[in-house]
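J.: Here's the letter readout for the chains.
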Amino acid sequence: MKNNVEVKNISFSYGKTQILKDLSLDIKEGEFMVLLGPSGCGKTTLLNCIAGLLDLSDGQIWIEDDNVTWKEPKDRHIGMVFQSYALYPSMTVEKNLSFGLRMMNTPKNIINEKIAKAANLLQINELLKRKPSQLSGGQRQRVAIGRALVRDAKVFLFDEPLSNLDAKLRAELRYEIKRLHRDLSNTMIYVTHDQIEAMTLADRISVMKDGLIQQLDTPKQIYNKPANLFVAGFIGSPSMNFLNAKFDKSNQKIIFGKKQIDISKYESINNLTSDQEVVFGIRPENINIEKNEHSIHCKVELVEPMGADTLVWTSVEGNPISIRLEGSSNYNLNDEINISFDIKKSSIFDSKSEERI
Amino acid sequence: MRSIPAGPRPKHLTIGRIGLYCFIFVCAIFFLMPLYVMIITSLKDMDEIRAANILNLPKELSFYSWPKAWSQACTGFVCEGLKPGFFNSVKITVPSVIVSVGLSALNGYALAFWRFKGAYLFFGLCLFGAFIPYQVMVYPLLKIEDALGIYSTLPGIILVHTIFGMPILTLIFRNFYASLPIDLFKAARIDGGNFVKIFIYVIIPMSTPITIVAVILQVTGIWNDFLLGLVFAGRDNQPMTVQLNNIVQVDYGVAEYNVDMSATILTSLVPLFVYFISGRWFVRGIAAGAIKG
Chain L
1 MKNNVEVKNI SFSYGKTQIL KDLSLDIKEG EFMVLLGPSG CGKTTLLNCI
51 AGLLDLSDGQ IWIEDDNVTW KEPKDRHIGM VFQSYALYPS MTVEKNLSFG
101 LRMMNTPKNI INEKIAKAAN LLQINELLKR KPSQLSGGQR QRVAIGRALV
151 RDAKVFLFDE PLSNLDAKLR AELRYEIKRL HRDLSNTMIY VTHDQIEAMT
201 LADRISVMKD GLIQQLDTPK QIYNKPANLF VAGFIGSPSM NFLNAKFDKS
251 NQKIIFGKKQ IDISKYESIN NLTSDQEVVF GIRPENINIE KNEHSIHCKV
301 ELVEPMGADT LVWTSVEGNP ISIRLEGSSN YNLNDEINIS FDIKKSSIFD
351 SKSEERI
Chain Z
1 MRSIPAGPRP KHLTIGRIGL YCFIFVCAIF FLMPLYVMII TSLKDMDEIR
51 AANILNLPKE LSFYSWPKAW SQACTGFVCE GLKPGFFNSV KITVPSVIVS
101 VGLSALNGYA LAFWRFKGAY LFFGLCLFGA FIPYQVMVYP LLKIEDALGI
151 YSTLPGIILV HTIFGMPILT LIFRNFYASL PIDLFKAARI DGGNFVKIFI
201 YVIIPMSTPI TIVAVILQVT GIWNDFLLGL VFAGRDNQPM TVQLNNIVQV
251 DYGVAEYNVD MSATILTSLV PLFVYFISGR WFVRGIAAGA IKG
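Listed in order, the protein sequences are those of chains L and Z. With the working numbering, you'll find the first sequence wraps up at 357, consecutive numbering, no jumps. With the working numbering, you'll find the second sequence wraps up at 293, consecutive numbering, no jumps.
These are computed hints drawn from the structure, not numbers from a lab. C-beta atoms are modelled at their ideal positions from N, C-alpha and C, and glycine is treated no differently. Watch out, some of these pointers could steer you wrong.
[Unchecked claim] With a cut-off of at most 25 Å between alpha-carbon atoms, the simulated DSS-like pairs for lysine-lysine come out as follows:
(1) L:21 - Z:117
(2) Z:91 - L:74
(3) L:2 - L:178
(4) L:16 - Z:91
(5) L:71 - Z:143
(6) L:225 - L:253
(7) Z:91 - Z:59
[Unchecked claim] The calculated label-pair distances, taken between Cβ atoms and stated as ranges, are:
(8) Z:227 - L:210: 52 to 62 Å
(9) L:55 - Z:102: 22 to 32 Å
(10) L:113 - Z:179: 58 to 68 Å
(11) Z:19 - L:210: 58 to 68 Å
(12) Z:124 - L:55: 22 to 32 Å
(13) Z:102 - L:163: 52 to 62 Å
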């Protein structure tokens, strides 16, 4: 499949602060790409650069084999949805939707046709005559999405569109956006700091930090095989448990404090060198409470029932460990438990480079 | 019996409250007194005024001073009252307000959204310009207008008012626009707006509150102006304030205090009217920092 959007070695500086550093990213046609990262990682800056709202310091941006680096936002065939909705407060919903088309002198009958189509798709027919101030947050964001839709954009850009909504609406609109992508199969670039949105929506996620892409892969890969310590810690809630340890090559074990874990089943164990300092990472759902020859004895320190599942907190050698169990499981404070790790699903990182081994 | 706290807290008139009300009352008297004197004096005839009971109500209402002030009182050698001055002031104020507010809105928009190189320096200069006493610039401006051939003409005085109004107006428009969500501007750029289209279709419709503030500031400022009108307007375009001065400052004959009072009230009617109808809008405009779309 050919690339729809190509970001070629772009840099962006704001004053003396360099926000994006020699960043490249190819987005395939029809792909749903999520840019994920903590605030200040440059994801919104990257999106604004693609939209043409910020001028690059270096590099190029291509949209559909067209070098748009120096083109105005309006000439890039994009639609954009903002966190703050950015609806024109003085115009009705209908005028908001048609604004872009009117600016391009589109004939009236075509405008009406396109508005009707978008309004149907987003179920906002009833709202067309209202002003944005008379709409709820969810309705406003629907209208904002509609405004991007009517423009027949080649690429849709979303800048944290759901962050201003409450949890229930967020889930609803997330579903809606996913459905929209399924039906329209346009290229979409979506910025968020919410990993659930990223996991559920994306074909591929690019996890960013400090203006650099840390990992670019499918949600599954990113969750199961995080490329480095940052990605491992950022993705997943509650986050991955980490233990600082040392590798004992002869026994194929890692040692931390007085405890040892047999990691002979770890896939790339051969890449580990003797006495290497490592960080052992394991997700809460990959820890089992069971007694066997490898299990570690500890005490329940806190229980967080979350309905569908229950989170049990304990600690091993002073490191807090969370364990995700079924919702029906019943543990109490100070219960004695034995835990074992599913080594095949664990991640091991070099403690200096923080890269996955 | 002591009541148990429940429901709304009972209202007490505290010493502080009483003091506050007294203070407000005294202030009101202080500011209303001159207005009272002006109105009753304008309704007295000269005999009664000579009796010098300045605070007494008129024994007999006489309205003759009002039409006289409007159309017969003498300003210098002409005796046409304030009427020509009123229309001169209208001719000066209306175009000056429209031009200065319009240009300042455009300036503020450019400064807030299109951050050109040196925008901050320009903004700083505006800020500085807003606080320069304009007496400093009167003579240089006079020479410039003379060279341009518009000194002592209607366009001349309009230009002067526009120039002096723009720094402060640009400032308030810029600050208002800077408080609007920047995403709106971004959305408009993606939707195909250029510099002019975004200003006309997106920004102007949102500018109502701040435009009202700017218009009030300019209308009262220009209407009340005396110095610039005297220097730049020329004999044919003297604004109402200058004519009022000429009526009041008589070198010969009798000072007709009732006519003076009527003339003064007539001159102040426009700013008074503007404040009364727009007070609500003024407060709303000043407080319009946080507009949500």
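J.: Below or equal to 25 Å on CA atoms is what counts here, so check residue 91 of chain Z against residue 59 of chain Z.
T.: 40 Å, violated
J.: Check the hint pairing residue 225 of chain L with residue 253 of chain L against an upper bound of 25 Å on the C-alpha distance.
T.: The given pair, whose Cα atoms are some 20 Å apart, holds under the 25 Å limit.
J.: Take the C-beta atom of residue 227 of chain Z and the C-beta atom of residue 210 of chain L, compute their distance, and say whether it sits inside 52 to 62 Å.
T.: 59 Å, holds
J.: That 58 to 68 Å hint for residue 113 of chain L and residue 179 of chain Z (C-beta), does it hold up?
T.: 38 Å, violated
J.: Falls inside 52 to 62 Å, the C-beta gap from residue 102 of chain Z to residue 163 of chain L?
T.: Since the Cβ atoms of residue 102 of chain Z and residue 163 of chain L sit about 38 Å apart, the hinted range of 52 to 62 Å is violated.
J.: Does residue 91 of chain Z sit within 25 Å of residue 16 of chain L, going by the straight-line distance between their CA atoms?
T.: 52 Å, violated
J.: Straight-line Cα separation of residue 91 of chain Z and residue 74 of chain L no greater than 25 Å?
T.: Outside the cut-off at roughly 43 Å; violated.
J.: Between residue 124 of chain Z and residue 55 of chain L, is the Cβ distance one that fits in 22 to 32 Å?
T.: Cβ of residue 124 of chain Z to Cβ of residue 55 of chain L: about 24 Å, so the range 22 to 32 Å holds.
J.: Taking 58 to 68 Å as the hint, is the beta-carbon distance of residue 19 of chain Z and residue 210 of chain L inside that range?
T.: 60 Å, holds
J.: Straight-line Cα separation of residue 21 of chain L and residue 117 of chain Z no greater than 25 Å?
T.: 24 Å, holds
J.: With the threshold set at 25 Å, check whether the alpha-carbon distance from residue 2 of chain L to residue 178 of chain L stays at or below it.
T.: Holds, because 22 Å separates the two Cα atoms, which is no more than 25 Å.
J.: Kindly confirm whether 22 to 32 Å is satisfied by the beta carbon distance between residue 55 of chain L and residue 102 of chain Z.
T.: Holds, since residue 55 of chain L and residue 102 of chain Z (Cβ atoms, about 30 Å apart) stay within the stated range.
In terms of the numbered hints stated before, the structure departs from hints 2, 4, 5, 7, 10 and 13, listed from lowest to highest.
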